[in-house]
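Chemist: Residue numbers (our numbering), protein chains in the order written: chain Z, 1 to 236; chain X, 1 to 236; chain Y, 1 to 220; chain C, 1 to 220.
Simulated from the structure, these hints should not be mistaken for laboratory data.
Hints are not guaranteed to be accurate.
Said to hold, decoys possible - Calculated lysine-lysine pairs in the DSS-like style (CA-CA distance at most 30 Å, straight line):
#	chain 1	residue 1	chain 2	residue 2
1	Y	LYS76	Z	LYS160
2	C	LYS76	X	LYS95
3	X	LYS95	Z	LYS134
4	Y	LYS76	Y	LYS143
Just so it is clear, the structure is predicted and the values come from calculations on it, not from any experiment.
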Amino acid sequence: MIDKTVPSLADAVQEIHDGATVMVGGFGEAGSPVELIHALIDQGASYLTVINNNTGSGEVGLAALINAGRVKKMICSYPRSQNSTVFPDLYRSNKIELELVPQGTLAERIRAGGAGIPGFYTPASVGTPLADGKELRSFEGKDYVLEHGLRADFALLKAKCADRYGNLIYNKTARNFSPLMAMAGSTTIVQVAEIVHAGGIDPEHVITPGIFVQKVVRVPNPAHESQLVRDGVTYP
Amino acid sequence: MIDKTVPSLADAVQEIHDGATVMVGGFGEAGSPVELIHALIDQGASYLTVINNNTGSGEVGLAALINAGRVKKMICSYPRSQNSTVFPDLYRSNKIELELVPQGTLAERIRAGGAGIPGFYTPASVGTPLADGKELRSFEGKDYVLEHGLRADFALLKAKCADRYGNLIYNKTARNFSPLMAMAGSTTIVQVAEIVHAGGIDPEHVITPGIFVQKVVRVPNPAHESQLVRDGVTYP
Amino acid sequence: MTSANTGLDREQMAQRVALDIPDGSYVNLGIGIPELIAKYVPEGREFIYHTENGLLGMGPSPEEGQGEPELINAGKRQVTALPGAAYFHHADSFSMIRGGHLDLCVLGALQVAKNGDLANWSTGGPDAIPAVGGAMDLVAGVKQIFVVTQHCTKKGEPKLLDACTFPLTGVGVVSRIYTDLAVIDVTPEGLRVVELSPGLDFAYVQERTGTELLPAATKS
Amino acid sequence: MTSANTGLDREQMAQRVALDIPDGSYVNLGIGIPELIAKYVPEGREFIYHTENGLLGMGPSPEEGQGEPELINAGKRQVTALPGAAYFHHADSFSMIRGGHLDLCVLGALQVAKNGDLANWSTGGPDAIPAVGGAMDLVAGVKQIFVVTQHCTKKGEPKLLDACTFPLTGVGVVSRIYTDLAVIDVTPEGLRVVELSPGLDFAYVQERTGTELLPAATKS
């Protein structure tokens with residue numbers, strides 16, 4: 001019987017290796033898999049390349065992973081936060097690399113990676129410094145830039161509910177990048193608040209079909225990053 | 001107040017002009033907007049370029065539109081049917097053009113058109129006659145072919161349910177190409193069995209957000225193509 | 001608050017922009033003053049707000065204590081969803097943007113050039129943390145781009161220029177500019193004043209602008 | 001039905017393929033003999049069937065009269081959806097295919113070459129209506145491609161050849177071939193017989209094959 005659930009957060013992140021590329025779901029705190037990230041900090045993998053729209057907040061979740069010195073490079077669209085100096089401090093002292101990608105291009109690159117599309121053309125960034133060194137091409141008289149599909153060894157995601165096949169549904173704007181990263185991660189690991197029986201999610205309502213998911217772990221009451229920051233929590 | 005519903009099928013298809021490019025939803029009979037196609041036959045527009053995975057069955061729906069001589073060119077992946085000779089007969093006598101596209105490439109071209117992506121690379125068809133004349137490019141040692149986004153003046157679709165904003169949900173495998181064509185049609189026209197109040201579709205369950213839809217018409221009990229064919233119906 | 005004869009305040013600027021949005025428009029609002037526009041839908045019109053993190057049909061901020069950490073806008077503030085809303089993932093959201101499905105986007109600006117070039121993501125300074133978000137996708141894809149901004153920087157330097165000196169967000173993308181001092185169109189001839197804020201004259205605005213302004217067409 | 005000493009019938013061929021599918025596999029089945037495989041899931045295994053028109057977790061044909069015209073497979077036959085199924089649109093479906101997420105696809109063939117080239121969509125005849133469907137996407141994207149086919153055409157011509165004469169579906173894509181006469185691997189050295197159908201000998205199969213067959217590695 002197919003059953004993708006694993007018993008613990010430690011089991012879920014166990015195989016993430018030094019030097020791995022890791023996509024992390026979420027836009028700001030919405031959809032951020034805080035507990036999986038903390039388990040990854042405990043696990044110890046280093047020299048990671050992390051793909052997320054942002055760089056976390058406070059000193060929990062993604063910001064804590066960066067603060068712990070585990071991240072060699074960030075690929076993101078908006079590495080600033082109103083309540084964290086973790087990334088800016090490391091960036092200014094040349095201790096972390098940054099690949100800055102427009103948000104829509106980042107989303108489409110991740111989707112392309114998961115969809116077996118190695119390259120596509122987009123109008124975003126044409127004529128700006130973010131197109132420097134990239135191939136331009138004209139279609140019907142308008143310029144576009146060539147962008148490449150993006151894949152990752154692992155994707156760490158948060159969803160609302162899963163079944164044993166790994167079918168997922170999300171909560172409101174916590175959906176954001178996660179369905180794309182599920183496709184682009186070779187091993188997609190998801191924390192969910194609830195696990196239901198097969199058929200417990202209406203086949204019409206599934207957002208991420210289970211084929212894109214390898215491991216599911218239950219975290220019944222996930223923390224909200226903003227609450228942790230307000231409470232002055234730091235990790236570890 | 002935004003209200004995309006129109007009172008009749010004739011109103012829905014009224015502005016389709018001679019020479020228009022028209023995407024028609026459906027894979028086989030599942031999702032085929034039979035009533036909208038029949039309204040288009042009544043309306044009279046000709047020299048159409050039609051994009052659909054197939055070419056219809058019997059002498060109803062898409063096959064009837066082709067049989068009426070309204071279609072100059074088909075873009076599809078599988079222009080054969082077990083119970084129709086309409087397209088094959090016209091094709092063999094050079095009375096209709098065919099652009100044959102692999103099914104996944106067709107889907108991705110339509111999505112790309114709707115998503116503002118003018119071109120992308122796919123491994124499908126490399127080394128086959130369907131790649132003849134197309135640009136090849138190597139990414140990480142593997143060859144891919146350049147394909148172009150596809151848009152249409154109109155998309156004719158069938159869905160299960162809509163609200164006044166044009167938010168759509170579909171029925172089972174009748175979903176197929178329709179959410180993509182909704183994105184790629186400049187004017188997207190949808191027949192639905194039911195129209196509900198705003199909020200009547202859970203925002204988590206919407207498959208096609210209303211921004212992609214321009215007109216909605218209610219067809220409470222849509223015909224099934226296979227039933228019409230069994231009943232010996234022909235249109236008009 | 002600014003005094004009446006030095007132009008509109010932020011709320012008035014937002015209100016002024018809202019007047020020009022046609023009924024039924026699909027609109028994306030940037031962070032800052034643009035966010036305020038949602039409060040000022042003119043009587044008899046309905047706008048549908050898109051936020052690029054995955055919501056169409058975005059409603060106003062929730063009542064104190066009623067918000068949800070996972071229902072936020074692109075500025076990461078808590079919002080609500082109106083009846084008829086839809087959630088979707090980022091690729092679908094930017095398909096709406098890149099595919100030309102949104103009617104209007106209103107953004108803030110660091111600089112705007114007379115040809116409609118926009119710079120709004122980086123001052124290019126050596127210590128700046130570059131952060132672009134969705135701005136480049138929005139200006140490349142949305143049908144019409146409005147800018148709403150203070151006419152000058154806090155130091156009094158003009159933001160409307162012959163050419164931007166900061167890194168660009170997009171080339172020739174802005175069609176109209178709303179400032180505390182004026183409403184200005186980007187035209188093939190350059191920046192043309194459409195409307196002066198109450199109590200201000202053309203010379204006053206020109207003095208605070210780094211490119212030659214054209215007077216309103218009807219006044220010429 | 002064929003007699004025992006001339007090889008497997010269609011059902012037996014399908015059953016033979018099913019034996020080689022690992023537990024937990026995501027599988028796409030082509031039209032024809034491949035469709036029959038779904039009936040023969042070996043004891044203790046669970047396969048998840050994908051049909052490219054938008055369903056994962058496809059179940060068997062419905063009971064007579066219980067079918068739905070809008071719940072069909074890629075061959076346009078009515079099917080069912082199992083608990084844990086998911087519906088999706090065509091772009092997502094072919095993302096599964098092109099993105100390498102499916103473990104196995106079993107297809108029919110007109111011809112297979114010794115290097116794994118597959119021709120299964122057109123005879124290239126002047127009167128043929130070309131129709132490719134999803135075959136080119138499947139062979140380009142799915143991790144492993146099996147072919148199940150009669151060893152020869154109805155006219156007795158070999159389908160396994162040095163090189164295909166019909167238009168290709170994909171280049172070097174087939175890894176294993178199941179026919180009524182044998183199970184054959186595509187190897188760098190050419191086609192290698194893995195297993196002969198009961199009652200048949202190597203020479204009998206070689207006679208009916210248009211390329212040199214290699215004997216099973218264990219027998220050499």
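Chemist: Next step is simple, just say for each hint if it's right about the structure.
Modeler: To see whether the hints hold, each was checked on the structure:
1. LYS76/Y x LYS160/Z: Given pair LYS76/Y, LYS160/Z holds - Cα atoms ~20 Å apart, limit 30 Å.
2. LYS76/C x LYS95/X: holds, 27 Å
3. LYS95/X x LYS134/Z: Given pair LYS95/X, LYS134/Z is violated - Cα atoms ~45 Å apart, limit 30 Å.
4. LYS76/Y x LYS143/Y: Answer holds: LYS76/Y to LYS143/Y is near 25 Å, not above 30 Å.
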